[in-house]
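Novice: If you read the sequences in order, they're chains A, B and C.
Just so you know, we're using numbering that gives the first Met the number 0 here: the first sequence kicks off at 0 and counts up by one.
Just so you know, we're using numbering that gives the first Met the number 0 here: the second sequence kicks off at 0 and counts up by one.
Just so you know, we're using numbering that gives the first Met the number 0 here: the third sequence kicks off at 0 and counts up by one.
These are calculated hints, taken from the structure and not from any lab test.
Hints should not be assumed to be uniformly reliable.
As the list claims (entries may be wrong) - No farther apart than 27 Å at their CA atoms in a straight line, the calculated lysine-lysine pairs in the BS3-like style are these:
1) B/LYS15 <-> C/LYS3
2) A/LYS106 <-> C/LYS2
3) B/LYS290 <-> C/LYS200
Since the structure is predicted, the reported quantities are computational estimates derived from the model, not experimental observations.
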Amino acid sequence: MGKQTLLLENVTKTIKGKEIIKGISFSINEGEILGFLGPNGAGKSTTLRMIVGLSTPTSGVIKICGHSITKNYVQAMSNVGCIIEGPDLYNYMSGMDNLKMLAVMSKDVTEKDIFDAVELVGLENRINDNVSTYSLGMKQRLGLAQALIHHPKLLILDEPTNGLDPSGINEFRNVIKSLVKERNISVLISSHLMSEVELLCDKVSIIKNGTILKNAVVEELLNTQEVFWVLDDNLKGKELLKNLWGINSYIIGEKLEAAVDLTRLSQINKSFLEEGLMLKFVDNKHKTLEDLFLNLTEGNKII
Amino acid sequence: MLKLIENEVLKMLCKKKLLLISGILLILISLFAYGENHSYMNTIKRFTQTTGQTQNYDWKSLVNQQITDLKSRLNSPYNKDSSKNSTNIKIEQLQYYLDHNMNPITPNAAKFTIKFMQQAVLLFLPLLVIVLAGDSVSGEFSTKTIKVLLTRAVPRWKILLSKYISLLIMTSLVVLEAAVISIIVSTVMFHTGGWNEPVATGFRSVAGKLDASNVVKVYQWQYSILVYGLGWFAAITVVTISFMVSVLVRNTATSIGIMMATLIGGEFLQLFLEDWPLVKYFFVINLNLPKYLTGSFQPIEGMSLIFSIIVLCVWSIVALAVSFRVFTKQDVLV
Amino acid sequence: MYKKMIWTTILVLAIVSTLVFCSGLMSSLKITSAANTNNVVKSNIDTSTQSKPVVELNNNSYNILVMGDSLAKGTGDEKGQGFANDFVSLWKTRANKDIKVTNIAVNGDTSSGLVKILQNEQTLKYVENSKIIFVSIGGNEIKTLQSADVSSVSTDVKTLQDNYLNNLKSIFKSIRSRNKNSIIVFIGLYNPFEKGTISDKTVLLNDWNYQTEQLVSQDSNCIFIPTYDLFRYNLDKYLSADNFHPNAAGYDAISKRIFDALKNYGD
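Turn these sequences into a full structure, and let the hints steer you where they fit.
Specialist: What follows is the structure, given as C-alpha cells:
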C-alpha cells in the first residue's frame, strides 16, 4: 500500500458563523491519483486551500507525509507542489526568472531541476520570454513546472487542464502518469472534466455542500454488472427473467436492464431466443463517471 | 533569508519603481536649485539697482562689525560661560566667510543640500516612499501571485520580514539618492561647496526662549549627515506604517490613498488643533525632526527630539506587530 | 551575472547609507540632549559670583540706571558722554539731589544678554534704588536681519522678533520685581543703513519698533522714545566715524528728545 502522503480527518471550516466544510475525511497513498469532484460551491477550493496552508481549518487534522500542516508547516509544505485556482505568476518577469525566484525558496533545487521541469512541461522555447506574453495554456504549463521543481511527494492541482487544447490535455495526462510511475508521487486533482478524471484517477472523492458524498476507487465504481437488452417484446423478457432466472429487471425506455452474472449471460440470451424473442442489442451498461456524478449530486442520494 | 530579500528587491527593481522616483527627484531638485539661484540673482540685482554699488556691496564691513560686537560681548563681565560657546562659534563662522571671501547670503552646495532635506522631510520625502511601499504586499494580492508565494516551504513571517527588509533597503537608497542628486545639481549650479563652513547647532528651546548653552560647533558636512540621518529615520517610520496599511487593505491604490490622506490631514491637525495636547502623539506631527536642531519653537508644549523619536519608534513597532499578526493569521481567499 | 552585480551593489550601498544615517541620528540625539552635565557646571559658577559683595545705591543721590547695548553705553560719542550724561545736564534743575548715573550697558549685547544681566543680584540692587531706568536694546539683533543673511540656519524673522519680545517682557518683569515706582525709558531704534536700505527692511524696522512700543505701553510707568525720525535725514550730521553709532551731536539730539518728553514728569 505504501505510505500515506495526504490525510484529512474530520476537517471543518467555519467562515463568518457559517459552516462551509462540515467534517470531511479522505486520504491518498503513495503513487495514487485522487480525483476531487463536486459541483460549484461544494467546497473544493476551500478544502484545497486548507491543505496547502492558505486557509486554516477551524478543526480537524491535515497531515502531509505525516507532518501536520498547522504544527509542522515547513516540513509539510516542502513535500507539496500546487496550483490553486489558476497559474498566477509574476507578469513582469520571464518564465525562467519566475522559476529561479521560486527555486531559492525551497531547499536544494538546482539549475538542472529547473531545466528538467521546463523540459517536462514542454516550455523550452518560450521559457525566457516575459510571462505577460504567454497564452493561458503556456501559463498552465509554467504553473505545473513551478509545482515540480522541488520534487514534491504530493501534487495538488486545481483545474489544471483549464485552457489546454485536446492535445495539450492528452500530453498533460501522459506527463502526470509518467511522473507517478517514475517518482511514485501522489496527485490530487480537482476537475470538472469527468472524462479526464476517469482516464487518469485511481480514486475519487465526491464532495457536495461541504460533505464528502463518496470516497471510492474508480474501477469499482465503473465496474458494473449491469447489462441491457433491446428485445422486440421487453415486457415478455422481463417476465422471463423473473420467472426463469429470478432476476429483477427494469424497463427504461427501449432498454431492459438488469444486473446479471456475466458468466450466465450467454445462457440467458439463449433462453430469450428459445422463447421466441428477437434480440436486437445486448451490451454492458457502460457507466460513466459523469452519470455517477450527476446521480449522486442530484438530490441527496447517498449510495 | 538573504535570498528571500534578494528576490524582493529584484521584484521591486523590475517594477521600475526606483527609476520613477529617481526621475522625480532629479526634476524637482533641479527646479529648486534653479529657483534658488534665480532669487539670489534677483536680490543682488535689486540691491545694485537701488544703491548703485558693486555686487559685493558692503557685506565685508558688515561682517567685520558683527565680529567686533561679538568679541566685545565675549569680554563683558556679565557674560556667563553658557553663551560663550555660541558666541565663539558665530565668530568663527563669520571669520570663515571673510577668509573665503564668501558673501554670507550666497547659496552654495552645502546649504542647498541641507535646506532641501529640511523642506522635503515633511511632505515630499514621505510621499515618495509611500509610492515605494504602497504595493509591497497589496500588489501580490491584486495580481494573485500571493498564492504562489505563500505555498512554499517558508513560514509566512519570514516572507513578510523579507519584504519589509527589502523596503528598508530601498528607502535608504532613496534618501541616499536625494542627497547625491542634491549635491551634484547644486554643485553644478552654484559652483561652490562650502562643506567646511562651521555651523552652530544644539540650540534648544527652554521655556519659550532660545537656550544656547549647549551649542556645539560642527562643519557643514557633518551637519548635513545629521539632517539626512534624521530625515532617513522619519522616512523609515512612514515606510513602516505604509507597509502596515498595505498588509491591512491588500489594495495598492487604497493604501497609497490612505497614507497620503493621513499625511496631509496631519498637517492640518497641526495648524488647527495646537491647543490639544494629545495631538503631539500623532506620528505626522513628529516627522519634522531636523527642525529640532535649529532650536526653533515647538508647536506644542513638551516636544523635543528625543520625544519625537520615541513616538515614531512606538508607532513603527506597533505597525510591525499588527502587520505580522494579521499577515500570518489571515486566510488567503484570492 | 548582471543581476547578481546589481543586487550586491544595492545591498552594499544600502548597508553603508544605513550606517551613516544611523550615526547622524545618534549624534543628533546626543547634541540635543547634552544638557545635564553642563547644568551642574553652571551652578558652580553661579555661587562663586554671588560671593562677591553687592554694592547698593544709597538714597542720598538721585539715581539713574542705564542698561543695554553700545548705544546705552555711549559708544561713538567723541565727548564720551552718551545720551544719559547729556540728559543729566538737562535734568539737573529738576532733581533736588546730586544725580548719580550707573551705566551697566555692554557693547554688542542683545536682549538675551540683558535678561541674564538682570538675573544678577548686583543689577537688581541697582534697580531697587533708581528713579529713572534707561533701556536701549535690540539693535544688535535686528542688525542680523539687515545684512540679509537669509541662508543662516537660525535666522527667522518671526522667531527672532518673538524671542526679543519675550526677553523684553522678562526684562520688565525683573525690573518691576524690585522697583515698582521708577520710570522706564526705552530708546527706540533708528536705521544707520538708511542710504542702502531696501523698502522691505524699513517695514521690518518699523514693525520692530511698533511691537516694542506696544509692549512698553503695557507697563504703567514706561515710555518709548522714538529715534527713527530723528536720524532719517540727518545721518551725515549724527553718525560717528564707524557709520553705525551716533556721534556727540546725535546723542545730544536723543537726550534733548528724552528731556522734552519727560520735562513735566513728576508734577
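Novice: Given the hint that A/LYS106 pairs with C/LYS2, test it: the Cα-Cα distance must not exceed 27 Å.
Specialist: 21 Å, holds
Novice: Does B/LYS290 pair with C/LYS200 here, judged by a C-alpha cut-off of 27 Å?
Specialist: 26 Å, holds
Novice: Assess, step by step, whether the Cα of B/LYS15 is no farther than 27 Å from the Cα of C/LYS3, and give holds or violated.
Specialist: Distance of about 17 Å is within 27 Å: holds.
Violation of the numbered hints given earlier is absent; every hint is satisfied by the structure.
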